[in-house]
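Colleague: Given next are the chains, with one letter for each unit.
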Amino acid sequence: MENKKEQVVITVLGISKPGILAGITRAIADSNVNVEDVSQKIMQGYFALMMMTDFAGANCSFEEFQNRMQAVSDRLQVKTFIQHEDVFRFQHRL
Amino acid sequence: MLFSLEEVIDTISAVGVETFDIRTITCGINIMSCADSDVNRCADKVYEKVVRVARDIVPTARILEKRYGIPIVNKRISVTPVSFLASAFTEPTAVPIAKALDRAAKELGIDYVAGFSALIQKGFSRGDQILINSIADALCNTERVCSSVNIGTSQAGINMDGVYRMAEVVKEAAQRSADKNGLACAKLVVFCNAVEDNPFIAGSFLGPGEAEAILNVGISGPGVVRAALENSENLSIGELSELIKKISFKITRTGELVGREASKMTGIPFGIIDLSLAPTPAQGDSIADILELMGLERTGCHGTTACLAMLNDAVKKGGMMGATYAGGLSGAFIPLTEDAGMCRAVSEGALNIQKLEAMTCVCSVGLDMVAIPGDTSVDVIAGIIADEAAIGMINHKTTACRLIPVPGMKAGDEVDFGGLLGKGPIIAVGKQSPKKFVTRGGRIPAPVHSMKN
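Chains as they are written, first to last, in our numbering: chain D, 356 to 449; chain C, 89 to 541.
Hints were generated in silico from the structure; no laboratory data involved. One or more hints might be untrue.
Here are the in silico distance ranges between beta carbons for each label pair [stated by the list, open to error]: (1) D:360 - C:394: 46 to 52 Å; (2) D:370 - C:507: 31 to 37 Å; (3) C:528 - D:449: 52 to 58 Å; (4) D:387 - C:300: 40 to 46 Å; (5) C:93 - D:384: 20 to 26 Å; (6) C:268 - D:378: 47 to 53 Å; (7) D:360 - C:154: 17 to 23 Å; (8) C:154 - D:370: 25 to 31 Å.
Computed cross-link-like contacts, BS3-like style, restricted to lysine-lysine with a CA-CA straight-line distance of at most 30 Å [said to hold, decoys possible]: (9) D:360 - C:154; (10) C:334 - D:396; (11) C:154 - D:396; (12) D:359 - C:352.
Calculated from the model, a selection of chain C residues having no Cβ within reach of chain D, i.e. all distances over 12 Å [what the hints assert, rightly or not]: (13) 264; (14) 442; (15) 532; (16) 533.
All C-beta atoms, glycine included, are put in the ideal place defined by N, C-alpha and C.
Turn these sequences into a full structure, and let the hints steer you where they fit.
Modeller: Shown next, in the form of structure tokens:
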């Protein structure tokens, strides 16, 4: 039976350079979080990445995942936001 | 993809750049079960009940902040008006209850606890007298306790004895906290038409018509509205109103989400979401800035009342669609020291207390965090409270006064209360005395509820 999904939106913003997507997705995979959809753009010279993920199978708590991602983001010099999808659904969908 | 990158960045930048937050989750707790003729025994019961019922509020808020990436600035508690309990006290003091509430707040990591309150629109009960006589003492001997007294309603009229007594209490509280610039007054509100489900401090209490325990949510968001209006140069009034409605909707939805989830996690029912735009002293998080972006040279100039009326109405219209139950005060707040733009308008001479009073006719909630000269007489303070209450009574809306007669300061001086309470100029008040009128005693009869012109 399929587990209940827990959708989490990961957004990464920063100055474009090689290795951001690789570094971020490696960290996500290490936490056993499943990437379901990816959208990436260069907006006015800035790297903007958004991923829809399923957190249900993660091997750590939400807070621990945020801390892990924070460490990777600091190393890559980008800003990462990890938020439950509810907040976007409530704001942008009727 | 469920959301576009633009939508996601819109939400993220609201928090990161435009200072959007949830101002408060306020847990209302009925403390009538703590009744006792011994005030100290009652205080022990109040402490025990508050700590028990609200134990999960702060941890829950922390989890939700992380989950949604939205700061929840304050976690607060409101209780049944303490005057109800005070009626039974053998010893005529309610100060031990305030101290118990303060201890409970500190134990739980709660920012403010409110409900050291009385409802005296038609007269004083014994409990009301005990509570009111204890206010100055209570506020000067606690850190997080807030007090409010309702002195009028549209149904009952205005209790002028209550108005005068509260003017005395305001003065006393200021003098007794002179070493902190009269800070005790920042925790004291005098209301007309107080609401029973207000999550905002200092006027929050759990009304007698409310449930055993309830969670109410107060949003913030002037910064988000201001950011949206920055590119509104060529919009007509109607388009401006639409824009504000949309922003208000989004802000409210976030509050709705937080309220629902907090309720689920704590098992305490979700009461209402208060659709108020609550400013903070932070740069850009200002109602005055919004009014000026809408086209005023400075807040306080002619046209300000109309501009504010439209803003307030648009915020409500947008927010009501986003909330299952809207309630509380629901409107734009125009506190003085908590809003850097409002303070700038006073300092530059664009905004005076008369215009501020006119502005309170069209928005919530009244003369809020208004620092006045320390030598302002009780008679003049009573006159200011009575005027504000009359506006509320006749217009069927909540109005309030949170006045701080700052000891030793005069009009034009600058006072700093720190933190969310902010800093700003002392505003000048009228010199002539309403003494004869405000000391006549009795009540202003309830107004006519028909023939509305």
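Colleague: Which numbered hints are broken by the structure, listed smallest first?
Modeller: none
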